[in-house]
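Visitor: Residue 101 is where the sequence shown starts when you use the numbering used here, and the numbers rise one by one after that.
I should point out that these hints are in silico values taken from the structure, not numbers from a laboratory.
Fair warning: this is a prediction, and the values are worked out from it, not measured in the lab.
Each hint should be verified, as a subset may be incorrect.
Straight-line distance between alpha carbons at most 27 Å, and here's what the computed DSS-like set of lysine-lysine pairs gives [what the hints assert, rightly or not]:
(1) Lys348 <-> Lys332
(2) Lys124 <-> Lys148
(3) Lys229 <-> Lys254
(4) Lys264 <-> Lys355
(5) Lys221 <-> Lys148
(6) Lys355 <-> Lys267
(7) Lys364 <-> Lys332
(8) Lys247 <-> Lys309
Simulated restraints, written as ranges between beta carbons of each label pair [claimed, not checked]:
(9) Lys139 <-> Lys116: 23 to 29 Å
(10) Tyr192 <-> Glu359: 28 to 34 Å
(11) Gly168 <-> Asn367: 53 to 59 Å
(12) Thr125 <-> Asn268: 21 to 27 Å
(13) Glu113 <-> Arg345: 28 to 34 Å
(14) Gly363 <-> Gly147: 50 to 56 Å
(15) Asn380 <-> Glu187: 23 to 29 Å
(16) Lys139 <-> Ala307: 41 to 47 Å
(17) Glu187 <-> Lys254: 28 to 34 Å
(18) Gly147 <-> Gly127: 25 to 31 Å
(19) Ser327 <-> Met206: 45 to 51 Å
(20) Asn380 <-> Asp203: 45 to 51 Å
(21) Val296 <-> Lys364: 35 to 41 Å
Think of the CB as a built atom: it goes at the ideal place given N, C-alpha and C, for glycine as much as any other residue.
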Amino acid sequence: MSQYISSPSKTAEILKEYDIRLKKTLGQNFIIDTNILKKIVRLSGIGKGETILEIGSGIGSLTEILLGSAEKVVCVELDSRLSDVFETTLQYYVPERAILIKDDAMKLDYAHLAEKYNIKKIVSNLPYKIAAPLILKILFNAPIISKMYLTIQKDIADRLLASKGDKNYNAFSVKAGFLADFKVLFSVQKASFIPVPHVDSVFIEVASKSGGNEAGKFKKSYNGGFSEGKIKEFFEFIDACFLHRRKKMLNSLEKSSLEYIKGKTENIIEYLEKSGKNKNIRAEELSIYEFLELFLLFE
101 MSQYISSPSK TAEILKEYDI RLKKTLGQNF IIDTNILKKI VRLSGIGKGE
151 TILEIGSGIG SLTEILLGSA EKVVCVELDS RLSDVFETTL QYYVPERAIL
201 IKDDAMKLDY AHLAEKYNIK KIVSNLPYKI AAPLILKILF NAPIISKMYL
251 TIQKDIADRL LASKGDKNYN AFSVKAGFLA DFKVLFSVQK ASFIPVPHVD
301 SVFIEVASKS GGNEAGKFKK SYNGGFSEGK IKEFFEFIDA CFLHRRKKML
351 NSLEKSSLEY IKGKTENIIE YLEKSGKNKN IRAEELSIYE FLELFLLFE
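Take the sequences, apply the hints, and build the full model.
Guide: Here it is in structure tokens:
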């Protein structure tokens with residue numbers, strides 16, 4: 101190809117040729133700055149012979165650059181209009197290296213996918229609509245995927261990086277922080293996308309803690325962390341704590357549907373008092389470690 105797919109003129113040409121209008125409902129925004137895509141690939145540290153998973157491959161803008169470093173790229177795309185373009189461009193030229201999966205990213209079994217293709221790393225410009233729940237799904241479902249390099253909207257990154265007391269700190273922050281560490285590598289201005297989104301984006305590194313190794317501080321026996329079932333219980337507990345974010349955490353827990361909490365709020369009060377905390381504390385004032393200690397009171 102004489103011109104990168106990600107160049108503004110080439111992207112416009114492809115969309116016009118295939119009569120494609122990008123759907124806001126699917127969070128479709130394509131990067132039209134090839135230098136940014138090259139920077140994404142460089143910072144992702146792709147090793148020789150590595151297979152990369154890309155979610156929301158679109159017309160193949162990032163895929164094209166990834167194929168310059170990776171041995172194979174497994175691409176997930178739900179929109180049949182875009183996958184048709186992909187099949188007649190990149191996949192036509194390198195069918196054995198660009199593997200297309202036409203499916204809903206939120207319904208895939210990432211553990212199975214990672215095992216089948218020996219995937220340890222994801223590099224993606226995530227569809228805005230599903231970015232937050234998808235990050236949690238992959239971290240929970242496929243701890244074998246040790247690193248993710250993702251372009252996401254800045255407000256989601258703010259929640260991922262938030263700590264107790266921050267205005268952006270919520271249940272999502274706690275769950276994500278339990279499963280992984282996050283680092284912003286650089287900012288991506290909204291003018292770098294088509295169509296132009298309402299917010300700026302950032303490119304982040306996500307390093308999995310392999311199934312919640314934070315819990316290893318409590319000497320659990322499941323591979324240094326929690327079992328999947330225990331993580332689900334912990335996440336339900338977090339949701340209960342943040343049920344009414346601006347109200348007392350005790351009130352939220354008393355109103356929760358979790359059976360093991362009912363009638364045991366004195367355990368929580370005792371823990372808070374021993375920790376030197378006010379019993380009227382709100383959930384946003386506790387760290388991930390403190391939530392874990394609190395959760396384990398009900399073991």
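Visitor: Could you work out which of the previously given hints the structure breaks and list their numbers from low to high?
Guide: 2, 10, 13, 15, 16, 19, 21
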